[in-house]
Amino acid sequence: MMSIPCFKGQDTITLKEVDVKSTRTTLSGIGKKTESIDSLTKRQFIFNSLGDVLSLNTPIFIKNYGPGSLSSTSFRGGSASQTGIIWNGFNIQNGMLGQMDLSLIPSVLFDNISIEYGGSSSLWGSGAVGGSIHLNNKPLFSKGFTTIANISKGSYGLFNASTNIEVSNKKFISSTKAYLQNSLNNFVYRDTLDKINPLQTQKHATYSFKGLLQEFRFLLTQKQSLTVNGWYNVGARQLPVFNALNVSRAEQFDANFKTTATWNYIANNFQSTVRGAFFNDALNYRDSAFSIDSKSKLQTFIGENENNFNWSKNNVFNFGFNLTSYNGKTDSYGGVKTLQKTAFFIGNKFSFLKQRLITFVSLRAEYINTGKLPLTGSAAFEYKITKTITAKLNGAKVYRQPTLNELYWKPGGNPDLLPEQGYTVEGDLSFTHLWNKVSFFVSGAAFYRNINNWILWLPGQNITTPVNIQQVLSRGTETTWRLNYRNNKFGININTITGYVLSTIQSSKQENGNTEGKQLIYTPRYSVNANVSVSYGMANITYYHQYIGYRFISSDNLQWLTPYHFSSVRCNIKTKLGETAIVLYAACNNVFNTNYAVIAGRPMPLRSFEIGATIAANKPYKPKQINIK
Amino acid sequence: MSYNLFFIAAFSFLFLSCVKDKPACTVQPQVKLSGNKKVYVVNEGNFMAGNASVSLFDPGSSQVIENLYQSQNQSSFLGDVAQSLSRFNSSFYVVVNNSNKIVICDEQFKFKSTISGFTSPRYILPVSNSKAYVSDLYANKIYIVNLNSNTISGSITCPGWTENMALVYNKVFVTNRKRNYTYIINASNDIKSDSINVGSGAGDIIVDKNDKIWVLSAGDKTAAIVPTLKKIDPLTHLIETNLNFTLNDSPGNLCINKTKDTLYLLNGGIFKLAITALSVPAVPLIEKGNKTFYGLGINPNDYTIYASDALDYIQKSNIYIFDAAGNQKQIFKAGINANSFYFE
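Residue numbers (numbering that gives the first Met the number 0), protein chains in the order written: chain W, 0 to 628; chain Z, 0 to 343.
Heads up, a few of these hints could be off.
[Unchecked claim] List time: in silico DSS-like cross-link candidates among lysine-lysine, alpha-carbon distance up to 27 Å:
hint : chain 1 : residue 1 : chain 2 : residue 2
1    : Z       : Lys220    : W       : Lys294
2    : W       : Lys194    : Z       : Lys109
3    : W       : Lys296    : W       : Lys328
4    : Z       : Lys109    : W       : Lys328
5    : W       : Lys194    : Z       : Lys140
6    : Z       : Lys111    : W       : Lys194
7    : W       : Lys573    : W       : Lys488
8    : W       : Lys508    : Z       : Lys140
9    : Z       : Lys177    : W       : Lys294
10   : Z       : Lys140    : W       : Lys294
11   : W       : Lys353    : W       : Lys383
12   : W       : Lys328    : Z       : Lys220
13   : Z       : Lys177    : W       : Lys409
[Unchecked claim] Far from chain W, some chain Z residues (derived; all Cβ distances over 10 Å):
hint : residue
14   : Ala48
15   : Asn50
16   : Ser119
17   : Gly153
18   : Ile190
19   : Asn209
20   : Asp232
Just so you know, the hints here were simulated from the structure itself, not pulled from any lab data. Heads up, the beta-carbon is just placed ideally off N, CA and C, and yes, glycines get one too.
Can you make the complete structure from the sequences, with help from the hints?
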């Protein structure tokens with residue numbers, strides 16, 4: 000469920016002076032399909048990872064190896080490293096792996112999760128090829144003292160707890176979020192190959208994720224604010240193995256520390272942001288059965304300045320620079336390897352026809368110590384044809400730089416790799432209408448993207464090596480349908496999202512290969528997510544249904560996984576106990592006991608249950624004078 | 000209203016030109032085999048995907064039977080990562096590395112038995128009618144297998160990644176990828192008798208017509224150790240010949256022809272050298288081109304050279320057949336990640 004534009008801003012009080020929603024995010028969204036996860040959906044997925052939210056509520060295909068296991072993205076037919084993951088404006092894709100594990104990120108952490116479709120390398124740099132996922136923390140001033148506790152218990156030893164304590168007055172905010180998720184994860188699945196004992200129990204799959212996110216915001220003056228964030232996340236999990244095996248001793252430990260500081264200055268026609276980030280990501284893979292103890296550590300430093308100058312009423316000029324450094328260390332590099340990037344970006348927003356037509360053009364020049372990066376740019380147009388119909392169109396040059404592992408992993412790393420790069424074009428047409436009690440929204444998008452120098456790891460007789468080997472053409476359509484009816488206490492929402500993606504290998508430098516014209520592996524051509532949500536008073540029940548079409552598992556398209564239907568029912572009942580709000584939550588996943596796998600050989604659980612509760616209390620801040628928008 | 004009509008028209012095109020989702024099922028064609036000797040292709044499949052397979056190629060009719068094990072055994076799966084195939088006492092032994100087992104089949108490839116309990120088995124070498132040795136990637140030992148009961152009967156400590164083995168004069172020579180030594184085991188009493196320093200990364204071992212042992216060591220690029228090919232006397236355990244590659248070479252897949260006087264190996268392209276050679280050849284017999292050769296075999300029946308190209312790992316391999324002079328004769332498809340051949 001996504002918010003419909005006309006329903007936005009119902010429960011937000013924004014102070015004018017400090018509404019420093021990153022302007023680049025706003026500019027980047029011009030002429031592009033963008034959506035954000037609405038508050039009801041966030042509530043229904045409060046105990047789930049980011050991967051789960053995106054999987055059932057967006058057309059992004061989440062490659063999920065099982066509960067608690069790796070979840071990566073395929074966005075409009077791109078690879079996992081062709082999705083930008085932007086946290087509060089910082090690109091947090093791992094520079095060694097080129098991707099993020101969305102299982103490790105709990106959705107409860109973020110005040111706002113939004114999706115930017117299409118390429119935007121000229122704004123976010125490497126990786127923003129298929130689209131970008133924006134994760135934002137936006138605590139508001141003058142909200143008083145708020146405490147929230149969430150707790151849930153589910154099948155197979157699932158336990159989930161999180162809390163948010165927020166102190167917010169006129170000039171200072173402290174928001175503390177802590178979370179914990181444990182599971183024995185010994186779920187039951189059906190092994191279709193085992194005709195005698197088809198019901199099997201998953202072994203060696205327990206996991207435990209926990210972390211803390213602390214945010215401070217200071218309103219220094221009426222024109223300046225400072226935000227400091229710290230996020231520490233640890234994950235420990237056993238890695239299950241292919242069904243046929245009976246033993247695994249493999250384990251993975253993740254420890255991620257991220258800290259950022261942002262200074263904002265806003266004057267009448269000028270805005271400036273200076274910010275820095277330091278990330279420390281450690282990954283330890285151990286397998287005592289095979290005497291493997293592999294450790295890797297990545298340090299990321301980011302420094303950035305961004306400025307916006309409103310040089311006339313309808314025009315904004317955006318410019319700035321970004322310095323990013325990745326220092327990766329693992330035994331397989333034989334030391335520390337470094338990627339250093341310097342980027343300069345400029346852009347301008349123009350408005351015409353009394354703001355009915357908005358355009359944004361941007362350019363980014365970027366330099367890297369390991370080779371050359373392409374000059375990227377984009378041009379976007381957004382036109383309000385009528386009050387109810389909006390058309391969007393944009394084109395961009397996009398790229399994805401090779402990761403540290405691709406360049407330096409020993410053996411095999413290829414320091415001569417070039418960035419994956421190409422062009423993307425997309426258009427979106429949307430219609431929204433509000434009648435008395437009914438609102439209707441429909442949007443249709445079409446995209447076309449051609450990427451050259453696509454990197455694949457190729458086998459040699461001793462060593463596997465990544466090579467710029469193929470050209471991939473992705474094109475497809477997405478539709479979104481939302482129907483909303485509300486009559487006093489009663490409300491019903493019906494949402495449908497369809498995805499159609501052809502992502503085919505146009506050419507490959509391999510001799511006598513059989514991949515030309517073939518669909519990329521693990522890229523479903525068809526997907527549908529639909530949900531029906533019924534509310535009465537403070538109670539809500541939502542049924543989610545997902546269909547994922549055929550996914551090929553061999554690049555010659557001769558082996559595949561069959562389509563599956565997945566369904567989930569989630570309900571919430573809210574009551575008040577004095578000043579304390581209590582929300583009771585219950586969910587049933589895989590309602591119809593479907594036997595399915597997203598990834599070959601990785602069984603998914605049969606039916607499972609979860610119940611939970613949220614307790615929230617707020618003591619409002621009593622200001623002497625408040626400046627409300 | 001006209002805008003709305005435009006909108007509907009623009010919208011409807013989104014549903015056009017969609018491709019059919021269900022892939023066409025490929026039916027295995029009826030295969031008529033000749034009476035000629037067959038070639039078995041070992042296909043590793045993908046790690047953790049459980050799609051290891053064996054393909055049968057009939058050079059007489061140029062026909063291929065894919066998934067031979069599956070088609071002979073009611074569609075059961077062979078397992079995860081087939082590493083090697085040996086034939087002994089009228090049985091096939093398929094070492095299925097990541098399923099930790101060896102599958103034993105009869106000559107029609109019908110399942111007979113399984114030997115299990117390995118850590119990560121690589122190769123099996125029968126040393127008598129009732130006993131075989133099994134090398135292992137992680138076990139730090141050689142397993143001793145009883146071929147009558149098909150069970151593990153013991154082990155010989157061998158630290159490191161034990162790989163290929165060769166039997167000469169009742170001695171088993173075992174290469175080791177992680178140690179610099181090739182170990183020598185007395186096949187009668189299973190006791191390590193000696194070891195030879197052959198350099199870093201040794202994996203391939205071959206016996207020539209003079210019963211000399213050839214060991215190919217991959218070297219270690221990071222430590223600036225060049226790959227080498229060494230000839231060892233099995234009686235004195237002394238290195239008689241040492242041929243150096245360069246640091247940029249990455250040789251592997253050492254094979255020998257029927258008369259056991261010519262060695263073949265992969266080093267990008269396919270290289271050939273006589274057992275009397277004094278240096279490694281500079282020019283390949285068969286150029287690599289845009290291929291990435293992955294497996295190599297020399298057919299003892301007609302001197303043809305079989306080389307597999309695993310392409311991108313995740314599609315069917317190409318198998319190239321070259322004549323002894325290096326001219327390409329034929330190409331056929333085998334399973335995913337074809338790594339070696341067994342010739343009847």
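Against the structure, the hints:
no.: 1; hint: Z:Lys220 x W:Lys294; result: holds, 21 Å
no.: 2; hint: W:Lys194 x Z:Lys109; result: holds, 19 Å
no.: 3; hint: W:Lys296 x W:Lys328; result: holds, 5 Å
no.: 4; hint: Z:Lys109 x W:Lys328; result: violated, 49 Å
no.: 5; hint: W:Lys194 x Z:Lys140; result: violated, 35 Å
no.: 6; hint: Z:Lys111 x W:Lys194; result: holds, 19 Å
no.: 7; hint: W:Lys573 x W:Lys488; result: holds, 13 Å
no.: 8; hint: W:Lys508 x Z:Lys140; result: violated, 42 Å
no.: 9; hint: Z:Lys177 x W:Lys294; result: holds, 20 Å
no.: 10; hint: Z:Lys140 x W:Lys294; result: holds, 26 Å
no.: 11; hint: W:Lys353 x W:Lys383; result: holds, 10 Å
no.: 12; hint: W:Lys328 x Z:Lys220; result: holds, 19 Å
no.: 13; hint: Z:Lys177 x W:Lys409; result: holds, 15 Å
no.: 14; hint: Ala48; result: violated, 5 Å
no.: 15; hint: Asn50; result: violated, 7 Å
no.: 16; hint: Ser119; result: violated, 7 Å
no.: 17; hint: Gly153; result: holds, 20 Å
no.: 18; hint: Ile190; result: holds, 25 Å
no.: 19; hint: Asn209; result: holds, 27 Å
no.: 20; hint: Asp232; result: holds, 27 Å
In the structure shown, a violation is registered for the earlier hints numbered 4, 5, 8, 14, 15, 16, in ascending order.
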